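4 protein chains.
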Amino acid sequence: MSKLDTRIETSAESNFPTPLKYAGCDPSAAIRYRTEADRIRVFPSISTELDDAETVFERSGPRAFITGDPAVMTAGILTCGGLCPGLNDVIRGLVMSLCHHYGVKKVLGIRYGYAGLTPDGLPPFELTPDCVDEIHRDGGSMLGVSRGAQEVSVMAEQVMALGISKLFVIGGDGTQRGVMELSGELQRRDAGVSVVGIPKTIDNDILWVDQSFGFDTAVDIAARVVTDAHVEARSTERGVGIIKVMGRDSGFIAAHAALASQEANVVLTLESPFAMEGPGGLLAYLEERLEQKDHAVIVVAEGAGQDLFQSLEADQRDASGNKLHRDIGVLLCDKISAHFTDLGKPVKLKYLDPGYSVRSAPACGTDRIYCTRLAHAAVHAAMAGKTAMMVSRWSGHYVHVPLHLVTQGRRKINPSGSLWRTVLEATGQPCLSGDKSGTKV
Amino acid sequence: MSKLDTRIETSAESNFPTPLKYAGCDPSAAIRYRTEADRIRVFPSISTELDDAETVFERSGPRAFITGDPAVMTAGILTCGGLCPGLNDVIRGLVMSLCHHYGVKKVLGIRYGYAGLTPDGLPPFELTPDCVDEIHRDGGSMLGVSRGAQEVSVMAEQVMALGISKLFVIGGDGTQRGVMELSGELQRRDAGVSVVGIPKTIDNDILWVDQSFGFDTAVDIAARVVTDAHVEARSTERGVGIIKVMGRDSGFIAAHAALASQEANVVLTLESPFAMEGPGGLLAYLEERLEQKDHAVIVVAEGAGQDLFQSLEADQRDASGNKLHRDIGVLLCDKISAHFTDLGKPVKLKYLDPGYSVRSAPACGTDRIYCTRLAHAAVHAAMAGKTAMMVSRWSGHYVHVPLHLVTQGRRKINPSGSLWRTVLEATGQPCLSGDKSGTKV
Amino acid sequence: MSKLDTRIETSAESNFPTPLKYAGCDPSAAIRYRTEADRIRVFPSISTELDDAETVFERSGPRAFITGDPAVMTAGILTCGGLCPGLNDVIRGLVMSLCHHYGVKKVLGIRYGYAGLTPDGLPPFELTPDCVDEIHRDGGSMLGVSRGAQEVSVMAEQVMALGISKLFVIGGDGTQRGVMELSGELQRRDAGVSVVGIPKTIDNDILWVDQSFGFDTAVDIAARVVTDAHVEARSTERGVGIIKVMGRDSGFIAAHAALASQEANVVLTLESPFAMEGPGGLLAYLEERLEQKDHAVIVVAEGAGQDLFQSLEADQRDASGNKLHRDIGVLLCDKISAHFTDLGKPVKLKYLDPGYSVRSAPACGTDRIYCTRLAHAAVHAAMAGKTAMMVSRWSGHYVHVPLHLVTQGRRKINPSGSLWRTVLEATGQPCLSGDKSGTKV
Amino acid sequence: MSKLDTRIETSAESNFPTPLKYAGCDPSAAIRYRTEADRIRVFPSISTELDDAETVFERSGPRAFITGDPAVMTAGILTCGGLCPGLNDVIRGLVMSLCHHYGVKKVLGIRYGYAGLTPDGLPPFELTPDCVDEIHRDGGSMLGVSRGAQEVSVMAEQVMALGISKLFVIGGDGTQRGVMELSGELQRRDAGVSVVGIPKTIDNDILWVDQSFGFDTAVDIAARVVTDAHVEARSTERGVGIIKVMGRDSGFIAAHAALASQEANVVLTLESPFAMEGPGGLLAYLEERLEQKDHAVIVVAEGAGQDLFQSLEADQRDASGNKLHRDIGVLLCDKISAHFTDLGKPVKLKYLDPGYSVRSAPACGTDRIYCTRLAHAAVHAAMAGKTAMMVSRWSGHYVHVPLHLVTQGRRKINPSGSLWRTVLEATGQPCLSGDKSGTKV
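Residue numbers (this note's numbering), protein chains in the order written: chain S, 101 to 541; chain B, 101 to 541; chain P, 101 to 541; chain R, 101 to 541.
Since the hints were derived computationally from the structure, they do not count as laboratory data.
Predicted model only: the values in this text are computed from it and were never measured.
Please note: incorrect hints may appear among the correct ones.
As the list makes no split between identical chains, a pair holds if one copy fits it or if it spans any two.
With a Cα cut of at most 30 Å, we get these calculated BS3-like pairs of lysine-lysine [said to hold, decoys possible]:
# : residue 1 : residue 2
1 : LYS205    : LYS435
2 : LYS512    : LYS445
3 : LYS435    : LYS512
4 : LYS205    : LYS448
5 : LYS205    : LYS393
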């Protein structure tokens with residue numbers, strides 16, 4: 101295993117005593133403050149000899165010394181990209197911790213993502229514990245979101261003009277790239293501003309996060325739609341249910357929704373390419389399955405099967421720089437419908453696309469807890485002066501991840517890993533790559 | 101860090117080639133079979149130098165060789181103790197994997213826990229993929245449960261009489277002790293039977309499991325009741341809501357339900373003793389809080405505050421050997437009601453006890469996935485001949501844990517750990533031990 | 101309206117005596133068989149001459165003329181008694197209609213019920229469309245509630261002092277009696293104040309309302325708990341589940357929750373008295389059922405079986421004047437447990453009491469619609485100057501009911517009507533009055 | 101029945117003209133104001149002489165005499181058309197009542213609708229209380245469904261060949277037409293077969309049913325999607341959410357989902373035609389609304405706005421004879437998107453289509469009760485020999501409706517009735533017909 105550079109930069113020196121005091125009921129059990137020696141192993145799984153210099157992440161939590169007097173500090177919060185269950189919980193947790201735990205003077209809510217850090221953006225408004233007290237019951241983001249980057253120097257000026265010294269940015273990998281650049285710009289200007297990222301992705305595709313917040317909620321919603329499709333497919337002769345779920349660059353929602361519903365027979369993702377036609381392809385497998393079981397349920401990630409569109413025009417991208425996709429759900433419907441009609445054995449096809457519904461719901465219980473813990477970890481990190489970093493959960497522990505690691509790509513399902521193995525075990529689907537050597541489980 | 105003995109015993113030699121075949125779509129990405137060199141670090145967090153002999157758990161997953169021909173094998177499944185969301189998902193996953201993945205000849209459902217392994221028990225019945233196909237939609241256990249141990253030699257004889265060579269036992273720490281004893285007895289008889297435990301506890305209190313299945317579901321239900329109590333408390337003048345939740349020996353449900361609801365003001369658990377009377381005690385804090393906020397919500401674990409019952413008669417235990425508890429919920433209601441009436445400022449007290457409702461629901465999406473993966477892991481382990489072990493998830497990875505580690509105690513909330521720190525951060529509750537030195541967060 | 105041909109054809113002659121046997125506990129309440137003379141009017145709404153022979157309710161809706169200029173009016177809203185799903189929806193609907201539809205100058209929220217109309221109460225605050233916009237997502241009442249009446253002349257003075265000319269009072273039958281008295285007092289003072297009641301009862305027991313708001317929500321929650329008890333009872337040998345639900349003076353929640361869950365075997369209500377002991381009593385029936393089915397689920401209304409408490413001290417009442425009840429749930433547990441232990445066939449008893457949880461949830465979709473329509477109807481009525489009345493839904497239509505009709509008693513399940521017949525049909529329970537003449541269905 | 105005093109008092113004279121202005125799109129459909137002559141009968145049920153002047157429906161319930169000995173009877177059940185929440189509850193209720201209440205010898209489940217009454221259909225299978233005991237927990241129909249009619253004489257022969265004397269047919273208006281024809285054919289053959297229809301329509305559009313079963317469930321699901329769209333629209337600048345829901349011939353789901361969510365700003369249905377362009381049209385209203393509120397949520401029934409498709413080719417119909425519709429949701433997205441882009445003020449448009457998800461869920465509590473009561477009513481009717489009829493709920497009572505009334509059309513929202521008035525009141529939407537005379541509420 102190669103060694104990673106996991107050191108965390110700081111924006112200012114930590115020399116002011118924290119106002120925090122924890123007290124367990126047993127004096128001997130008092131919560132101690134973290135030091136840089138508290139670490140989480142990056143690779144808890146090993147299969148070779150260890151060299152003794154470990155690759156570790158810094159562990160999150162309150163430090164004994166922070167960067168200055170909170171009574172004169174201003175903090176800022178912004179949310180970028182698409183919605184995700186739990187955004188309001190993270191905002192609430194940040195405000196509660198900044199105000200109640202540290203007594204920070206002022207917390208500003210930046211409107212509509214990075215756009216709120218430009219002269220054209222709506223002005224920020226003050227966030228207080230009272231005004232965020234009940235926001236966790238609602239989906240969405242009380243601050244609003246927007247896609248796309250803004251000029252870094254413009255944003256740095258705005259941050260400094262607002263007097264912000266702790267900036268929290270909630271967003272995906274593109275957003276975290278912005279955090280890295282903004283943090284660098286502010287350091288070049290010697291502004292003494294901590295910029296801390298909080299990873300947000302409905303697709304669970306950010307690197308170095310064991311699972312992103314809101315994902316449990318999204319999977320629960322998507323799984324219910326898989327069950328709906330199963331009910332439809334079972335209620336008619338030769339019923340085929342197709343569910344398209346979010347997942348441009350990775351198939352985590354598709355895989356988890358299939359497992360959570362227990363009703364999927366085929367899962368199609370970007371990570372495991374499939375052939376439509378020919379022996380060993382999807383249509384051939386459906387023929388076989390319908391013969392045996394008279395129904396089939398297919399869960400497809402929106403990023404799957406893009407190679408099946410013959411003449412995709414030059415790379416098209418949205419405002420966030422995400423590659424635009426052809427609609428694989430519609431393609432599947434067309435191809436399957438035509439194929440079985442041609443065979444003289446038409447199927448009854450029911451297509452379901454929950455779309456935005458998987459991301460606009462309020463967070464479920466586990467996600468609420470996770471969001472609260474991430475938010476508290478982010479505040480502790482920023483108060484200790486950490487910057488150009490992202491808080492994360494890794495192997496179940498809260499850690500600091502340097503942003504240069506996060507922006508190197510997107511997390512994908514490992515097609516030879518245990519998650520995908522469970523999908524294959526649970527659906528019974530064979531290799532669909534059309535490769536003759538593909539053997540069935 | 102001291103070295104643990106984590107070696108796994110085997111009941112028979114593994115020398116029969118597995119019928120399993122996985123095939124990823126990319127030949128280079130084929131799922132490889134596990135070996136004993138695949139390990140998960142027990143302690144992913146470190147804060148000292150490592151000595152190079154690591155303490156590790158064996159990693160679960162399919163092996164290249166198993167213990168014999170599945171076509172002539174009989175497996176058995178039984179569920180012990182109280183209900184838990186996901187029991188049916190585990191049963192379903194075991195049957196599906198035994199039958200579909202390995203082609204095991206017969207799977208027997210043992211009725212009502214260990215009682216089904218005695219001559220007086222109801223006879224087992226055969227479990228097939230068809231009969232378990234839809235059981236995940238219902239709460240409970242299709243096999244029935246019972247509390248209490250049975251004579252080990254009697255059970256061993258029954259297992260052998262039924263021809264079972266793979267026995268799966270789903271239950272808590274008491275049940276796992278039974279698994280260890282039964283496994284030992286069967287080894288003494290040279291019966292060649294793998295006995296694999298699957299950890300089940302609604303209280304999340306089994307050692308060496310990062311979180312037990314069904315717990316997410318239970319927390320979601322309990323959190324809703326906390327919200328109900330909050331609504332009641334907020335709707336009257338001087339409203340106090342008290343919610344008692346399960347948790348005899350640990351306060352995990354109480355802590356998580358409080359965090360998931362975001363509405364609790366005080367969490368009381370066994371792990372953090374509290375004083376009722378006097379300065380720094382619960383009543384004094386409630387006075388203060390009602391003065392400031394006019395309402396309060398208290399979440400109490402059933403095992404909390406047992407020291408407050410003055411003359412608890414000699415240790416009473418239920419059929420599973422669990423210590424019987426006095427009702428702390430009722431005590432809190434009585435004390436708080438009387439205290440404020442005496443003060444001339446009576447409160448309006450609303451008491452809620454969801455009781456069995458947190459454990460009889462069907463599993464939520466994440467729990468379903470977890471149960472399926474645990475079940476598959478258990479089958480792979482048993483097929484490889486592992487015995488006297490429990491499958492588990494540790495740092496997010498599926499592993500084999502020897503039972504002598506599991507039966508050494510019960511898992512508790514670490515009062516100086518990060519979970520309890522988050523509870524203190526989220527509720528703002530002070531140290532309630534009555535110790536004058538207790539300082540508020 | 102032209103006459104429709106509503107005759108029904110028959111396929112064969114009916115001359116075989118039905119095998120059905122219903123038996124209410126009171127011979128005079130036996131469910132009678134229908135004949136062709138039992139008919140329902142196709143057109144319940146009429147608009148012919150006012151003084152014809154029909155007993156009718158005035159239909160609600162906007163009138164062409166109202167009592168004055170809304171631009172100078174003040175309205176007031178208050179909520180009394182216990183919580184109920186939908187209270188916030190009614191408040192929201194009232195404010196939206198008063199402000200948006202009529203342009204009323206000011207709407208005052210009275211705090212904590214009638215207590216807010218006394219000099220000791222908290223002062224009212226202004227309600228605007230903005231401040232009520234999102235309250236429907238939360239359970240409870242944003243205004244707070246309290247039990248108990250206040251001096252009518254004091255309240256009348258306060259209403260006049262606040263300049264309120266349209267007062268909306270949401271509450272149960274006791275509250276509506278207050279509306280009638282307050283309305284009379286204000287008319288005696290020639291104050292020109294419309295006082296309009298909106299019926300609220302979690303128990304569905306107000307006269308002349310076809311179903312009260314929040315009841316669908318409450319039933320859904322209670323039914324889930326019945327299912328929980330069923331799951332528990334089915335998971336052990338000789339399992340008995342007992343669920344106590346709200347319903348002091350009527351058993352509507354018990355009956356509906358039993359039907360909605362489809363899992364109840366016995367429903368016990370005030371309206372159908374039952375014997376505990378002896379042939380034809382509850383214990384005897386349970387013996388029989390456990391012999392046949394090995395489990396039983398009992399749903400009991402809190403007001404049922406009060407005659408079984410031998411020495412109930414003199415009539416005790418709460419602040420609202422409701423009779424206090426002995427805990428029938430606990431009595432059932434004790435009696436059943438002792439009885440079967442004495443028989444040498446102990447049962448495993450699981451007791452569930454959802455308590456306040458059935459009333460603190462946000463309203464479900466149908467209740468939201470109902471609340472909105474009731475609120476709009478109440479505003480239209482008050483603007484037209486109606487007073488001493490209650491808005492209601494009757495046969496599916498929104499109407500005005502004079503309060504002297506409402507305060508004459510409480511609505512109960514008719515033991516010879518079709519709802520109770522469906523309960524008997526669905527549970528298969530016999531007459532449990534212990535009357536030897538009681539025959540089983 | 102004695103006459104009640106139902107007069108309503110007034111607190112002041114009504115002589116000020118109301119500020120309310122409603123405007124339907126068709127001047128003839130304007131919502132009219134109520135007068136005191138608008139009344140609802142207090143007692144919709146009567147049992148006086150049969151031949152009086154009233155138009156009445158026969159009331160359902162058990163009769164003292166039935167058509168023969170149940171011990172030798174065979175009954176049949178079939179489900180037609182699309183899925184609907186509650187289908188399994190109806191099937192369960194029929195089987196339970198036939199077997200437990202009447203002791204009918206055999207109940208046959210006909211497969212896949214009317215197709216199961218043809219020689220090519222799958223053979224029926226026997227339904228017992230055991231096999232239907234748990235089906236109410238699942239959505240769909242355990243019997244399967246199909247669209248389309250079959251030859252009446254073929255079906256009649258099959259009914260007679262199977263020895264069925266009580267046939268229950270669950271389906272929509274097309275299906276009920278089949279019931280009428282099949283019933284007539286069987287009467288012509290003097291077969292002595294009762295054919296009883298049970299109304300099923302996800303769109304709530306069958307005549308003479310006060311609300312169809314499953315509708316509460318469907319509305320709850322659709323309302324959640326409206327809330328999702330609202331959350332999306334509120335989270336961006338100039339956000340527009342569009343939700344398309346089922347409702348080919350009537351807009352009941354759209355209207356109810358809008359009211360249940362409380363978040364819709366515009367409801368579009370077939371019954372209230374709207375103009376897209378021009379003053380008073382939808383686009384003009386959206387411009388105004390976005391200027392004021394920066395977001396808008398539109399709920400559209402699939403049957404709305406079909407006149408906007410310029411060249412709809414000759415009437416296309418599906419297998420059930422339902423007219424095929426152009427996709428109004430897609431048209432709205434295209435038009436709105438283009439319009440605001442052309443104006444230089446592009447909107448962020450989020451489109452949601454829950455599709456089949458509103459109909460494949462298990463029934464909610466109220467729908468379960470309704471289904472059970474309908475099923476029992478149908479059995480009582482058939483046992484009494486009724487035929488060519490449909491059971492129904494009317495004004496809250498269960499009745500028998502002759503089929504010639506049911507097949508005369510489809511139920512629609514009355515644009516001058518109180519439901520649509522509530523939609524206008526709740527959304528604040530103006531008349532969108534483009535008619536200059538249209539005034540805003």
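The hints, checked one at a time:
1. LYS205 x LYS435: neither (60 Å within a copy, 39 Å between copies)
2. LYS512 x LYS445: For LYS512 and LYS445, neither the intra-copy (37 Å) nor the inter-copy (37 Å) Cα distance is at most 30 Å.
3. LYS435 x LYS512: Only inside one copy: LYS435 and LYS512 sit 27 Å apart there, 37 Å across copies, limit 30 Å.
4. LYS205 x LYS448: Neither, since 62 Å and 35 Å both go past 30 Å.
5. LYS205 x LYS393: between (65 Å within a copy, 22 Å between copies)
Comparing the model with each earlier hint shows violations of hints 1, 2, 4; every other hint is respected.
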